[in-house]
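A.B. asks: These protein sequence lines are chains A and B, in that order. Using the working numbering, you'd call the opening residue of the first sequence number 417 and step up by one each time. Using the working numbering, you'd call the opening residue of the second sequence number -18 and step up by one each time.
Be aware that one or more of the hints could be misleading.
As the list claims (entries may be wrong) - Which residues of chain B face chain A? A few of them, derived with a C-beta cut under 7 Å, are: (1) Tyr2; (2) Ala9; (3) Trp11; (4) Val32; (5) Leu36; (6) Ser40; (7) Ala58; (8) Phe62.
It should be emphasised that the hints constitute simulated quantities derived from the structure, not laboratory data. Ideal placement from N, C-alpha and C gives every residue a C-beta, glycine not left out.
As a plain string of letters, each chain reads:
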Amino acid sequence: MSDSAAAPTSTGIDHKKLIMWLFLASDCMFFGTLISTHLLYRKLYPTGFTDAEGHVRFVQNLFDIELTSFSTFILLMSSFLMALAVSAMHKGQIASFRRNVLGVILFGLIFLGCQVYEFTHFYHKGLTIQNSVFGSTFYVLTGTHGTHVAIGVLWLVLLYFYSFTGKLRGHIGALDVEIAGLYWHFVDIVWIIIFTVVYLVEYLGPNGIWGSAVATITP
Amino acid sequence: MSAHAEPAIDANFLAEETRRYHHFITLALWLAVITGAEIVVIFLPLPVALVLTVLTVMSVGKFFAVVLWFMHLIYDARLLFWLFVAGMGLACATFTALIALFSFERVDTAWFS
């Protein structure tokens, strides 16, 4: 039996869940364009960026792969905890749901903390949203993702406190948690793509995949 | 008896949820391992095309693992799967079209002059 079979709708799927999947499909297109834009401009402008002192900087030297890997791991594990929270809610185990959701909130906040640290670090290294095409596309893409994470954290905090009112229970309660979970997992899958196409590809080849290392040493 | 008593949870449903719980744990371990492998593979002295292919396969694998199991698409109604695939398909088509449009080094510019 599918999860949605009990819902009394013409499609057999709860309307809230259907709307959420429609939203996620449209958000896919939104992030698709942001990622495409970033990659296109990396290709068209392979040099990194020029800092305040006028030095051309190579993007690979700017990134901190350890920090990004750590935040990726944190987000993946938050997705795991979210899956456990949804499972607990389906089984009517409210205490387990609260524990897991608290874990997701904590991991979400750690991820956001890492992103704030990264942005601050980049800013002090001279990368701003205005001084290069790379800065513009990078901050818009990762900032939009970060905003999604922040909204997800806020949503889960509200759900956590709502669970103490006694109204978050039964099929409707489980569905509400499942929908919040869908949103959180979506944020995670977007990061899976961003981690590869924005961060990891910068390390490929001796000159970077965009040939940017060569470009930086050319007068 | 409380006025807010919950209906009893079906034993089969509970067994299914427990089975999924174990899948989630296995999947989380695999996701961690694949992420570790992604970080290792970028530093290996291999051809860029090969590493890029491996990275693509691994991230697409992680993507669909989360979508199918954590987001329950493998257990849920087919309509939801196709809705999401439609969004994904449009995003991929936009990406492909933009890459093709901006690959101007392959265009014979002499034709315009």
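A.B. asks: Against this structure, judge whether each hint is valid.
C.D. replies: Going through the hints against the structure:
no., hint, verdict
1, Tyr2, "holds (5 Å)"
2, Ala9, "holds (4 Å)"
3, Trp11, "violated (10 Å)"
4, Val32, "holds (6 Å)"
5, Leu36, "holds (5 Å)"
6, Ser40, "holds (4 Å)"
7, Ala58, "holds (5 Å)"
8, Phe62, "violated (9 Å)"
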